[in-house]
Structure formats: structure tokens, C-alpha cells
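Asker: So you can see what is in the structure, the chains are spelled out below.
Protein chains: 4
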Amino acid sequence: MSKIRLIALLSGPDRPGIVARVSGWIFERGGNILHADQHQDPEEHIFFQRVEWVPTNSDSPEKCEAEGNAFADFATRELGMKVQVSRSDVVPRIALFVSKIPHCFHDVLLRAQAGEFHGEVACILSNHETLRKSAESYGIPFHHIPIGPRGSEERENSENEQVRLCREYQVDVVVLARYMQVLSAELLQRLEVPVINIHHSFLPAFAGGKPYHQAYARGVKLIGATAHYATADLDEGPIIHQDVSRVNHRDSVSELTRRGRDLEKTVLAQAIRWHLDSRILVYHNKTVVFH
Amino acid sequence: MSKIRLIALLSGPDRPGIVARVSGWIFERGGNILHADQHQDPEEHIFFQRVEWVPTNSDSPEKCEAEGNAFADFATRELGMKVQVSRSDVVPRIALFVSKIPHCFHDVLLRAQAGEFHGEVACILSNHETLRKSAESYGIPFHHIPIGPRGSEERENSENEQVRLCREYQVDVVVLARYMQVLSAELLQRLEVPVINIHHSFLPAFAGGKPYHQAYARGVKLIGATAHYATADLDEGPIIHQDVSRVNHRDSVSELTRRGRDLEKTVLAQAIRWHLDSRILVYHNKTVVFH
Amino acid sequence: MSKIRLIALLSGPDRPGIVARVSGWIFERGGNILHADQHQDPEEHIFFQRVEWVPTNSDSPEKCEAEGNAFADFATRELGMKVQVSRSDVVPRIALFVSKIPHCFHDVLLRAQAGEFHGEVACILSNHETLRKSAESYGIPFHHIPIGPRGSEERENSENEQVRLCREYQVDVVVLARYMQVLSAELLQRLEVPVINIHHSFLPAFAGGKPYHQAYARGVKLIGATAHYATADLDEGPIIHQDVSRVNHRDSVSELTRRGRDLEKTVLAQAIRWHLDSRILVYHNKTVVFH
Amino acid sequence: MSKIRLIALLSGPDRPGIVARVSGWIFERGGNILHADQHQDPEEHIFFQRVEWVPTNSDSPEKCEAEGNAFADFATRELGMKVQVSRSDVVPRIALFVSKIPHCFHDVLLRAQAGEFHGEVACILSNHETLRKSAESYGIPFHHIPIGPRGSEERENSENEQVRLCREYQVDVVVLARYMQVLSAELLQRLEVPVINIHHSFLPAFAGGKPYHQAYARGVKLIGATAHYATADLDEGPIIHQDVSRVNHRDSVSELTRRGRDLEKTVLAQAIRWHLDSRILVYHNKTVVFH
Numbered sequence: 001m002s003k004i005r006l007i008a009l010l011s012g013p014d015r016p017g018i019v020a021r022v023s024g025w026i027f028e029r030g031g032n033i034l035h036a037d038q039h040q041d042p043e044e045h046i047f048f049q050r051v052e053w054v055p056t057n058s059d060s061p062e063k064c065e066a067e068g069n070a071f072a073d074f075a076t077r078e079l080g081m082k083v084q085v086s087r088s089d090v091v092p093r094i095a096l097f098v099s100k101i102p103h104c105f106h107d108v109l110l111r112a113q114a115g116e117f118h119g120e121v122a123c124i125l126s127n128h129e130t131l132r133k134s135a136e137s138y139g140i141p142f143h144h145i146p147i148g149p150r151g152s153e154e155r156e157n158s159e160n161e162q163v164r165l166c167r168e169y170q171v172d173v174v175v176l177a178r179y180m181q182v183l184s185a186e187l188l189q190r191l192e193v194p195v196i197n198i199h200h201s202f203l204p205a206f207a208g209g210k211p212y213h214q215a216y217a218r219g220v221k222l223i224g225a226t227a228h229y230a231t232a233d234l235d236e237g238p239i240i241h242q243d244v245s246r247v248n249h250r251d252s253v254s255e256l257t258r259r260g261r262d263l264e265k266t267v268l269a270q271a272i273r274w275h276l277d278s279r280i281l282v283y284h285n286k287t288v289v290f291h
Numbered sequence: 001m002s003k004i005r006l007i008a009l010l011s012g013p014d015r016p017g018i019v020a021r022v023s024g025w026i027f028e029r030g031g032n033i034l035h036a037d038q039h040q041d042p043e044e045h046i047f048f049q050r051v052e053w054v055p056t057n058s059d060s061p062e063k064c065e066a067e068g069n070a071f072a073d074f075a076t077r078e079l080g081m082k083v084q085v086s087r088s089d090v091v092p093r094i095a096l097f098v099s100k101i102p103h104c105f106h107d108v109l110l111r112a113q114a115g116e117f118h119g120e121v122a123c124i125l126s127n128h129e130t131l132r133k134s135a136e137s138y139g140i141p142f143h144h145i146p147i148g149p150r151g152s153e154e155r156e157n158s159e160n161e162q163v164r165l166c167r168e169y170q171v172d173v174v175v176l177a178r179y180m181q182v183l184s185a186e187l188l189q190r191l192e193v194p195v196i197n198i199h200h201s202f203l204p205a206f207a208g209g210k211p212y213h214q215a216y217a218r219g220v221k222l223i224g225a226t227a228h229y230a231t232a233d234l235d236e237g238p239i240i241h242q243d244v245s246r247v248n249h250r251d252s253v254s255e256l257t258r259r260g261r262d263l264e265k266t267v268l269a270q271a272i273r274w275h276l277d278s279r280i281l282v283y284h285n286k287t288v289v290f291h
Numbered sequence: 001m002s003k004i005r006l007i008a009l010l011s012g013p014d015r016p017g018i019v020a021r022v023s024g025w026i027f028e029r030g031g032n033i034l035h036a037d038q039h040q041d042p043e044e045h046i047f048f049q050r051v052e053w054v055p056t057n058s059d060s061p062e063k064c065e066a067e068g069n070a071f072a073d074f075a076t077r078e079l080g081m082k083v084q085v086s087r088s089d090v091v092p093r094i095a096l097f098v099s100k101i102p103h104c105f106h107d108v109l110l111r112a113q114a115g116e117f118h119g120e121v122a123c124i125l126s127n128h129e130t131l132r133k134s135a136e137s138y139g140i141p142f143h144h145i146p147i148g149p150r151g152s153e154e155r156e157n158s159e160n161e162q163v164r165l166c167r168e169y170q171v172d173v174v175v176l177a178r179y180m181q182v183l184s185a186e187l188l189q190r191l192e193v194p195v196i197n198i199h200h201s202f203l204p205a206f207a208g209g210k211p212y213h214q215a216y217a218r219g220v221k222l223i224g225a226t227a228h229y230a231t232a233d234l235d236e237g238p239i240i241h242q243d244v245s246r247v248n249h250r251d252s253v254s255e256l257t258r259r260g261r262d263l264e265k266t267v268l269a270q271a272i273r274w275h276l277d278s279r280i281l282v283y284h285n286k287t288v289v290f291h
Numbered sequence: 001m002s003k004i005r006l007i008a009l010l011s012g013p014d015r016p017g018i019v020a021r022v023s024g025w026i027f028e029r030g031g032n033i034l035h036a037d038q039h040q041d042p043e044e045h046i047f048f049q050r051v052e053w054v055p056t057n058s059d060s061p062e063k064c065e066a067e068g069n070a071f072a073d074f075a076t077r078e079l080g081m082k083v084q085v086s087r088s089d090v091v092p093r094i095a096l097f098v099s100k101i102p103h104c105f106h107d108v109l110l111r112a113q114a115g116e117f118h119g120e121v122a123c124i125l126s127n128h129e130t131l132r133k134s135a136e137s138y139g140i141p142f143h144h145i146p147i148g149p150r151g152s153e154e155r156e157n158s159e160n161e162q163v164r165l166c167r168e169y170q171v172d173v174v175v176l177a178r179y180m181q182v183l184s185a186e187l188l189q190r191l192e193v194p195v196i197n198i199h200h201s202f203l204p205a206f207a208g209g210k211p212y213h214q215a216y217a218r219g220v221k222l223i224g225a226t227a228h229y230a231t232a233d234l235d236e237g238p239i240i241h242q243d244v245s246r247v248n249h250r251d252s253v254s255e256l257t258r259r260g261r262d263l264e265k266t267v268l269a270q271a272i273r274w275h276l277d278s279r280i281l282v283y284h285n286k287t288v289v290f291h
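These protein sequences, in sequence, are chains A, B, C and D. For the first sequence, the positions run 1 to 291 when full-length UniProt numbering is used. For the second sequence, the positions run 1 to 291 when full-length UniProt numbering is used. For the third sequence, the positions run 1 to 291 when full-length UniProt numbering is used. For the fourth sequence, the positions run 1 to 291 when full-length UniProt numbering is used.
It should be emphasised that the hints constitute simulated quantities derived from the structure, not laboratory data. No incorrect hints appear here.
Pairs count within a copy or across copies, as identical chains cannot be separated in the list.
Derived BS3-like pairs: lysine-lysine, alpha-carbon spacing no greater than 30 Å straight-line:
#1 Lys82 with Lys286
#2 Lys82 with Lys63
#3 Lys286 with Lys210
#4 Lys3 with Lys63
#5 Lys3 with Lys210
#6 Lys100 with Lys133
#7 Lys210 with Lys100
#8 Lys210 with Lys133
All chains, please: the whole structure from these sequences, using the hints.
Answerer: Below, the structure written as C-alpha cells:
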């Protein structure tokens, strides 16, 4: 399918007629809407929409780019919306941050290889050398950036390096695939792209370190995993996706850890997929996911 | 909320601009769209839409009725769609068909009582007296209609009686809550309203009688339940909803039966809810469920 | 099946040979083991067992009672275990505590009526009159005990009345079916029987009041329910069972509440069933559930 | 943990005292039972048991081997059971049969690498060259065996080669990881080891080819995967494990296929794990899984 599609995500103050005006604008300019989904927060009176269409001149990247810009202009000025438009022929670029734990690392790369994502892994950044050889077998550039203690000059240097590489590789999103370092508020800001994290518990239960140990100690009957956007408040960012798995009294911490790996992989992969497909809008520390 | 809403379900040949024309029509006449969801079958080129809006004069049932008719006219003539419009202030009426098994019967009535359905149970028809007393404690009229053998005059009489009562009670949908009789093709046609059935297996596995016995004999590790519209082909109608529950080698047929009851209740209730909320479109023996 | 079965729950310090000695004791006295399941906590070195058998003279309640006592003696003295033995022909008696919310109330009573529990509801105690008529339609005695403010004489009187009625009805377990009052530590102690509560969240997330509001505010993608034994620390008791249901950004608090009701019903019912079948052992604020 | 454990799987005609005699035999010879689980088929009067214990001299493979043999002798002669005993220090060897589809292939190998299985992949046999390079990056021998048409001499030769390699590598179990060839009854017999297959549907629904196409055509609301032992009757063997995933009208066949891959991976991995841990007994085309 060589036709370029445009995908717009809109949000802003709700008022009558937005759906009609958006679809009218597209239709009048010869576009064909493939999907349109919207949501209203009835208490906050906020309107959210995801609309995907084939514009006229759908074989010309330049003209599609111009049409996307025209739409953004229209929606901003005339509808008072915040808008983000993406083109289906532009493949988003991912920076994968990893440490030593390999399961999410392999899972993301194998899915990327299998074509499961509308995106490509541009580079891998790690605070350890452990996964270098594996990274190279996938043919993805691997950069080892040791992380110094908080507040040290070393730490500042490594953050500079992380920012530099993400820019160099023109990264659109950072994925923390069980990356065992907290990103500082400053680093998050400087990266200028969304950062997706996977936490190995059903948040808000068992935030912080060693969630499987916490789950074992409390004697819960389900363990979970949560994919969320990273924010300055650790484990407090907007939740994208969650899932759980049943456990019982026989399951040791190491069994919970093993079972949890399957959850972490599928939950993180789903969050990445939705993000790359421009299906997620964030507001008030929550997400609207159009799926 | 005293404002009347209109809900339209459309389906028909896909072509550009339908979304824009539908939302434009509503907007120009002063309506405010609350929800709009659509789907295209990309192979069959069929367009489906559910749109829910507050028309002007939303406090007048008569004017809303007229507006719904005007919309139906527009969508039929100008868009070539099949349309069905319903008004939020009109409460659909259910005929509940039961036999002796009580769990779905109680479940539907308690949910209706709790306000979970946009609908009310108008009457209960049964081929046994078993549940009469319970039915009366819910304050719902109960009619005992014994069913004779197929082809007998008795059977014809009972079908006449079923049709007569459904008309008398102005029924909009029939729910078979573990009703242990097959409805003939002729009866289905004469009822002139949709009929929702609950089958106690994960269809198409274990169609026909005694599905829990079949599941036990095959040694499956999950049992299921399926809500579907009844058609002349038993257990072959369009599937609305399905769910499963994990079982193991320790579970006898009676344990499967007990576990299955919980599935049957929740799956049937969900199907009824979606139907009453005008969320379901049927085509090619499949369903589009806008939820 | 007229044969009486004995069910023993054992726990105590682990050491080699317990399984052999328990099964040997039963076998030598002519008993036939139907089920035996055990568990070791490998860190705490605690042994847990549930064993179910048909003793000789299985048609005599008196002789079975004596055999159960002999087993308890043996396991206590010779194996150093804590033991609890129950007879299959003795039906446990439940006191159901309710307030105004009806769904768990109806669910427990309908399941009891359908024979889903090895137990019977002996009485219903409520701090409101709301469910009296329904209770009476099930043929179960209903007692209205208004609850005064904490520390008041009224409160003391109502606790006295609750204790008195549970004794009068010879209650073996108390089930809080969305009973909207906290049981004081003193009352829990005086009741002298286990108390099962249903909390409408996935504990430890969203303990305390209004969990669906908390879940909505945090933007979680799954809601849950937790059945646990009530302890002096509210929502901190040993967890028996948990389940979750998927939700999304469209679900309002009232929709979460409706969806949650189904979870609360099935989770509470499962916990009651396991408790009545003598499948649960508590230690260190956790449960071992032999199922 | 250097202590050797013995695991016995028993099955045979049920009669009183088996549990006592098995545990007594182990205890008297100084063994310490870690886990014991049993099951009776109440209709067929068959007894099943899995027992895991540390024998005396648990640091000597030879003495443990002898003790296992002694147990097998005892259980066969004195209890009339079919027995299979395995030693925890003996690592089972897997032959992985693959074609071109990579997801189950990678999944099994990464899990093996991560230590998730009590077993090692000894060799990979494929009817295509596609996965050779990947296989070699895992350091596992890869053999390409083209498969001729049924009844041809070529086919006979390839079956001979498959049997020869499985013997040469001393394989204990064959895993068909989306191997796109049917194994003939004769080949299954000659392999002399169990063969585990993953079928990409919720059996018995959608047996045979293209199950995701079948699922799409029927309009089911859940898709599934089934791991089973391969038998001469295709897709009719004893079911080990099953799971499902929710789908809706928007999901195309290719989306079902992508979603299904996650199911196939986890369901197959679980079946392999249970098999390698000696947790599965087969009878009457069903499985008893002690987990």
C-alpha cells in the first residue's frame, strides 16, 4: 500500500461541532477518512480525537507534509486544539535504553525485526557492556555510557552523552527496557521526546524497588506489569497499559520474577506499538488510548 | 439528565465523505455529537457507523422523533445506508424466555432491577412452571407455555402464543436465558425482533447439546460461553460476546457446570447491555460491536 | 453420597516424614485418602497440609467425630502440628453482614440456594432496614442492628448484639457482603470466628474508602477486587483471592462501579467456597489455599 | 543446591493405601518428600501421583539412580503402577523442529538461554535453511532436512534422517515450534520420545490449516492457542495447555496472526516447562498436569 496516510491527534476545550468541522475540512479538500475516534472528558470538558485519512496527492511526501501542516494550522487556529500530525511514510526512530537484563531487550528487537512496530530501533544505549554482543548480532549500534552517582560530574557527562546520542540518531521516542537507572527530571526535559518505561508491578501497588519481593511479602494472588510515560516522579507517570498474571502460595520470588518477565514483555511491546501508531494522548497524568 | 439523545446505527457501501456528511448534517441542524464510532470492512467495502447526539429541542420527544426520522431519511436517500435510529427516552422491552435453570434468569432480573440495562423486562415466558414464584417476587408477569413435539399441533399453538404475547407486551428483543428449546426458523421470523441466546461453550467448539460433557471428554483446559443472535441454524448465529475460564484435570462435569454458570451470566448480560445500547450491527453472520 | 469424609488442615515446623506418618496413620486405621496436598515454606521451614479421607465407620457421625479427634490428638502430640478437623456431614453456618448495597447479598444467597456452597446462611445482620424484604423472600432471618458512632454506648450495644446473635445462630464464619462499617479489633476478637471481607480494589492498591474514585483519578487500566480475612488493620488482612477487569479512558466512575460489582461477586463467592471447603490456612498475614 | 532429587510419576488402578505406601517406602529408606500431589479419576478408578523427594546419598548420582530403580520396582510390583522416575541432575535434551516462522523458535531458545527450562536444546532440525544463521548465533547445531511428498522415497529418507539425528543427539523430547509438516504415525512411533506441538487455535475449534482465517470468517471474539502431544490424528492429541486473547471486528487476519504469536509463544513455553519438570501424565487422550 503506497498511499500515504496522515494521522492527527487533537485535544482541547470541548464544544459542539468539532467532529463535523474536522471531517468537513478533510472531505472538502478531497481526503478520505479511514478511522476517526474521539472522546470527551465529561467533567473536564476536554475533547480528544484521533483521525487517520488519505489526503489527495497521497503519493507525494511533500504535498502530504504540506497538507498535514495545513490541517494543524486549521485545528489550532479555528478549533483551538493542540495538534500533532504524523505521516505514515515517516518511520519513527527508537532509542532503546538497557542495562543487563535481557528479556525486554530481545523482545523489542525481535518484534521490530518481525515488523510488529511502525518504527525502527535506531540505537541502543546501556550503562553496561553486557548486551553489546547481542545488540550487534541484531545489527543495531550499541553505546556504553557508564552512569556516575547522582550529582557527580560523571553523571552530568553521561547525561550529556545520552542527550547528544539521541539527537544524533534523530530519535523520536526513548524506551526504557528494564533500564535500571532513574532518569532525572532535567534529563527527561532535555531529551525532548517521550520516554516509555516498564515497571514490574501493577501500579500504584508496589512502586519503587524490588516489586516482586514486595508482592511476595504481601501475599497477593496476582502479579502485574505497568507501562507508563516516565516523569520526574518515579513510577507516577501516566499509565499506558497494564496486565496481570495469577500466582499462588507456591510461587517463590524467583518464580514471580520469571512469570513477570512474560508480562513485562507483552505490556511494554503493546505500549510501544500504541505510541508508534499515534494512539495515545496524555492529560492530567492519565492517558487516552484510541485502540 | 433530561436531554434526549438520538442513536443511529448505519451500514452500507463504503465511499469517501460519509463521516463528514453525517457529522455535517447533525451539526448544521444544531445537534451536538457525543459519540461517533465507525468501521470499514476493507475487503467487503462496507461502512458501519454508530453516532449518538443531542438534537436541538432535546426536551421534546415528538421533535426528537421527527429529527430521528429526518436523519434516517437523509442517510437512506443521500448516503445509501441502512439505518436504525433509537431515542434515549424510549426504554426497550425484553421478553425473557426461561425453562427450569435459574441462574441466568435471576442474573438478568437483578441487573434490570439494579438499573444496569437501558431496558426493562416486560414479561417472562417459560415452558415450565418452575420459576413462576420467583418471577412474581420480581413483579414481572409470568406465562407458562408448554411446548409440544416438533410438527405437532400443540407446538403450533405454543408458537402462536409466544408470538401473541411478544406482540401484546410490545417486546423489542427476546432473551433466551438458558431456554431449553430450539426456536424454529418460522418462529424466529414471526417474532420480528432480535433473539439473543447464551450457549454454554466457546463456539464453534462444542456446539449442540451437553457442551460441558463434551469439554470434559476432550480434556480442554479452558471452558467458555458464547452469546449470539439466534438464527435458524442452531449455535451458528452471529457471535456477540465470548469469555472463557481456566479448568484442569480435577474438574468434574459438575464442577465445569458450576464454573460455567458464572461465565454464562456475565457473557449474556454484556450481550444484552450492548444490544440495548444500540451498539451492535450484524453482517455476514458476524457482528460489529461499538464499545 | 452418604459416606462421611474427614478433612484435616495441619501446619507446623517442617521435618522429614510428616507426609508418610499422616498417610500411614490414616491407612493403618482403615481410612481411604481421597485428596492430600501439602506445601512447605522453604524459608520459614513451615509445613502445611490438607488431607481428606473416608474413615472406617464412615456412616456413623459419632465414630467419625471420634476418629477426627483421635487424628487431631495424634497430629498435635506426635507431629507437633496445629490441627483443625472438619466433618463433611456438618454444614457450616454463615452470618451475612450487609448494609444497603444489594449485589453481593443476592449473589451469596442465590449461590447458597443453588447448592454452590458447603454451608448455609443462618442469619443476616444489617445496619439498615433496606434489604429486609429481600432477605425474607429468601426465608433467612434478618436482624436490623443500627450502629452508633465509635466509642459511644450505642456502638457497644450493637457490638454486643452482633456477638450475641452470632452465638445464638451458632455461626462458624462471618461474611461481610459490602458491609459498610469497620469491625473493631475488639469485635473481631469477641466473634471468635473468621470474618471474610470483600474490598473493591486490587489490594494493596487503593486501600481505604472510594477505591473506584481513586482508580479513576490515577488512570489505571485494570480495576480489581480482593477477598481477605478481616483483621484489626483495615484492608491489611491475609488475602484469599483477587481478580481484575480491563477498563479504559471511556469508563466513568459509575461504569467502574458497575463493572466492579461483577468482580466483587465472583471473588467473594470463591473465597467463601474455599473457606467452607477447609482449603485455607493463614500464616504471617498470608494464605495457603489448597485448590 | 547440589542435592539430587528424584521425581516419580505413577499411574494405575486406584485402591486404598497407595499414598501411604509410597510415602512410607520413601520415609523408611531415609528419603525426604518435597512435593507430593495425586489425583483420582473417580469414574475410571485410576490413580495418578507425582512425588518428588531427596533420597539418602543425595550427592551420589549412582546411588540416586539405584534408588530410583528400586522405587520403580516397588511401585510396579507391589502397587501395580506404571512408573517413570527422573533425576534432577540429568538435564533432558530437546530437538527443536522448525520451518521458516521464527517467533516460537527465538522464544524457546531465549528461554533456554535464560535458564527457564530444566532442559537444553540439543539440536535444531528444519525443512528450510531460513533459520540457520540465527540458530548458529545461539550456538546450537542446525540440520536442514528437506521433506519430500508423502509416500515418496525422499520422504522416507528424510524421516530416516530425523530419527537418526534424534538418536545421535540423545534427544528426550521433540518440540514442534511452528514446524509446518505433519509427522506421520510411523515417524512418531519411530522417534520413541514424546512430541509437543503448538496449534494456533483454541482446539477443538479451528483444527487443520489456517485457523486464524477460520476464526476471522466465523467472527469469534477470542482467539486461542493450544499445546498438545502430537499423535497420528492431527490436532487430536492430548491437550497440555491453552490460552486465549480477546479480539474484535477491527482485527484483520494479519492482526489476529500477530496477536496469536504471543499466545503461541507463552502456551508452548509453558507446555515445554511442565513436560521437562515431569509434571504431565497422559491417559485416554487427556492430560493430568500437576502444577
